[in-house]
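Chains as they are written, first to last, in the UniProt record's numbering: chain B, 1 to 416; chain S, 1 to 416.
Just so you know, the hints here were simulated from the structure itself, not pulled from any lab data. Careful, some of the hints might be misleading.
In this list, chains with the same sequence are indistinguishable; a pair is considered to hold if it fits within one copy or across any two.
Restricting the straight-line Cα-Cα distance to at most 30 Å, the calculated cross-link-like pairs of lysine-lysine (DSS-like) are [said to hold, decoys possible]:
1) K86 / K299
2) K367 / K105
3) K403 / K73
4) K326 / K158
5) K86 / K124
6) K299 / K326
7) K272 / K145
8) K326 / K267
9) K267 / K367
10) K158 / K325
11) K310 / K105
12) K234 / K385
Here the structure is a predicted model, which means the values were calculated and not measured.
There are 2 protein chains.
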Amino acid sequence: MNAEIITIGDEILIGQIVDTNSAFIAKELNRIGVSVYQITSVQDDKEHILKSLKEAEENADIIIITGGLGPTKDDITKYTICQYFKDELVQNDAVLEHIENLFKKYITTPISNINRQQALVPSKALVLHNSFGTAPGMLLTKNNKVFISLPGVPYEMKGLISNEVLPFLQKKYNRPYILHRTLLTYGLGESAIANRLDEWEDTLPNNVKLAYLPNLGNVRLRLTAKGFDKKMLKAEVLKLEKELISYVSDIFVGFEEEDSIETLIGKLLVEKNKTVATAESCTGGSIAKQITSVAGASKYFIGSVVCYNKRIKTDFLGVSENTIKKYSVVSAAVAEEMARGVQQLYKTDYAIAVTGNAGPTKDDTDKSIGIVFISIATTDNIITKEFNFGQPREKVIEGATMKALEILKNILLKNT
Amino acid sequence: MNAEIITIGDEILIGQIVDTNSAFIAKELNRIGVSVYQITSVQDDKEHILKSLKEAEENADIIIITGGLGPTKDDITKYTICQYFKDELVQNDAVLEHIENLFKKYITTPISNINRQQALVPSKALVLHNSFGTAPGMLLTKNNKVFISLPGVPYEMKGLISNEVLPFLQKKYNRPYILHRTLLTYGLGESAIANRLDEWEDTLPNNVKLAYLPNLGNVRLRLTAKGFDKKMLKAEVLKLEKELISYVSDIFVGFEEEDSIETLIGKLLVEKNKTVATAESCTGGSIAKQITSVAGASKYFIGSVVCYNKRIKTDFLGVSENTIKKYSVVSAAVAEEMARGVQQLYKTDYAIAVTGNAGPTKDDTDKSIGIVFISIATTDNIITKEFNFGQPREKVIEGATMKALEILKNILLKNT
């Protein structure tokens, strides 16, 4: 049971937008046991769409198409699907009524014939109700293959996937279970880990795959297993996961939560009833942004002093001019004074401070580009570490952000 | 002259990551006159990769492949390319030296044979230097088609595209010019605009395409033109753009910039020799992060007060308790006091302040979820606007960040 996703739109192929729809659809399909064979992004061009439909029909059982269902001339998906199925468009009264209602309720301009044409659907199509927009989803079958066409607007597509597509597929197909289990490791590169796992990897059964997902300073190891007997599959993954951990026990720090690191930090802080603040130089607010991406962060996140300018470090965080003169602004001593500064100023239990040089130029420090000091203050301790994230700029900023969160998380886990 | 992008990796097809590489590559190729015919994401599977290479060779002149170049067993791109080209791997001494240097400089674990194997490249390949990582780029040709394999790590891929791939393609091919011009309109739906443009659209020449890109409350109209004579093409687009504006003059608000908004803001502030700071509540540092993503931001960005907790608003930014009591913490009055507060505290020419409710719960405000107030203070004026970004949380944070930057940009452009 596998699927192909086809996203239609020139805006994807000229790089004007990033296609986020495919990842959402792929994840949702995986959850119900449907593997995605391929994702294909094609132009708003009839011949190209026809070709991709034909190829997808050869590759997959389920073909999910997004985009090109709008009311304008560059939206040709519906007409092209009609041609592919040798079908004709007919008016769907329920869709027409829905469009007219949406116009009455939310839209100030009068309804036009162009809008009404969105109620035209291929005569062979099963219409899928789009609560959030005027273009309906459409489902057609051919040689036992299912084609589903959805609008490209993300929230309309998401509504249709959750409310219409997944229930349909769950009912129609007997699907296997797909289990993913992702182990987090810190402190060893992927090649060093691969060295350890070399022989074990070769013993993995056919229905299980191991993947390495390296990131700055950490490697995620993902086991993916597929099978029809859920109980047996779970037992199999549990056994393999234990074996895997035995090879990496010194660097294994946990499983990828369904949760991100910032969510985990949030949970731990809420549990302990503690607060945190950040003082950020080279990360420029990136750590605060990540912490506050979690709903409910106001319970434990007090705020941040983004101190890009040296003056803010001295005048507000109380970093001493002498410390800066003696050690330079990128130094362990300055990071510590920043952490203590924001901790006192904002009256928090924990504080994160980061100072470094993200480049591309050295500016007013003696330290190399890429050098970053991270300090985490607790009520009775302070931990400061030096890193070299190299270049380019975004790698330094991202690397420092992830490391700072990681150190805080480890402190929170230890103090449990 | 067209290209196909192939991204390799199971993590894309299970929806674990969003493929952002393709959009970057597509945009860069377009800039130098190379159209992207198709983007294909495939599994870490030899047969699947071989099939996609064959199909891409039929579709395109240039095939750009990312991913699967790491040192572990799930990284099979290099071996598969070797098979496709009936080639063998040979050691490249320059790459080996580069890998050994990277290990000496940045990596604490000793170098292993697996790492050294990254210096193995197909004997027919032109090696492209990867400054930021151990896996080199590789370029091979077959029947006058160019295949370029790049690592999937975004900053490594970006460095290779900019420093190696684009210069190579620019030198090798006589490329047409591709001009995009995107008009921004506010206040009318896409179907209402399409109604107006109906007849004019049919008169567009063959080398010009019009696309509608609807978003909440605004529609972008993109003209794309292709041709070899740059001067004539520019004149043609200018003429059509004027015609187009004449149909939408009441809703036309400007052009989409080529530069990112934060780069443009940086340029304008440097030109004027002015500084800026931010006071951020619901955006949690996201605006500061975006401003400081630009190299050289320290010239004009002083810092930010991320004031997630009410206490920080009153104690540090000087927002009055009375104002909060009277208008609630999510209000125009509080946004203005925050802007003036950080402007005085950090002694800047401009200040951005944001207060709002990103949801998903209402917390301690009377305002609905999604409501955000943005204030921009200049030396002699303050502009405050209210928005409703709806839900979910990430849409509110992103929407407020983009709007705040857009308002500042417009102020900077007007004051020129």
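Taking the hints in turn, this is what the structure says about them:
Neither within a single protomer nor between protomers do K86 and K299 lie at most 30 Å apart by alpha-carbon distance, with minima of 53 Å and 60 Å respectively. Taking the shortest Cα distances, K367 and K105 sit within 30 Å of each other only across copies (15 Å), while inside one copy they are farther apart (53 Å). In this assembly of identical chains, K403 and K73 lie within 30 Å of each other by CA distance solely across copies; the values are 27 Å between and 45 Å within a copy. With identical chains, the CA atoms of K326 and K158 are never at most 30 Å apart, being 51 Å at best within one copy and 38 Å at best between copies.
Taking the closest pair of Cα atoms, K86 and K124 come within 30 Å of each other only inside a single copy of the chain (10 Å); across copies the shortest separation is 47 Å, beyond that limit. For the identical chains of this complex, K299 and K326 are inter-copy neighbours only, at 23 Å across copies versus 38 Å inside a copy, given an alpha-carbon limit of 30 Å. For a Cα distance limit of 30 Å, the shortest separation of K272 from K145 qualifies neither inside one copy, at 48 Å, nor across copies, at 60 Å. Proximity of K326 to K267 under the C-alpha cut-off of 30 Å is found in neither arrangement, the shortest distances being 39 Å within a copy and 33 Å between copies.
For the homomeric pair K267 and K367, the shortest alpha-carbon distance between copies (27 Å) is at most 30 Å, but the shortest distance inside one copy (36 Å) is not. In this assembly of identical chains, the alpha carbons of K158 and K325 never lie at most 30 Å apart, being 50 Å within a copy and 37 Å across copies at closest. In this assembly of identical chains, the alpha carbons of K310 and K105 lie at most 30 Å apart only when taken from different copies (29 Å versus 45 Å within one copy). Taking the closest pair of Cα atoms, K234 and K385 never come within 30 Å of each other, the shortest separation being 37 Å inside a single copy and 53 Å across copies.
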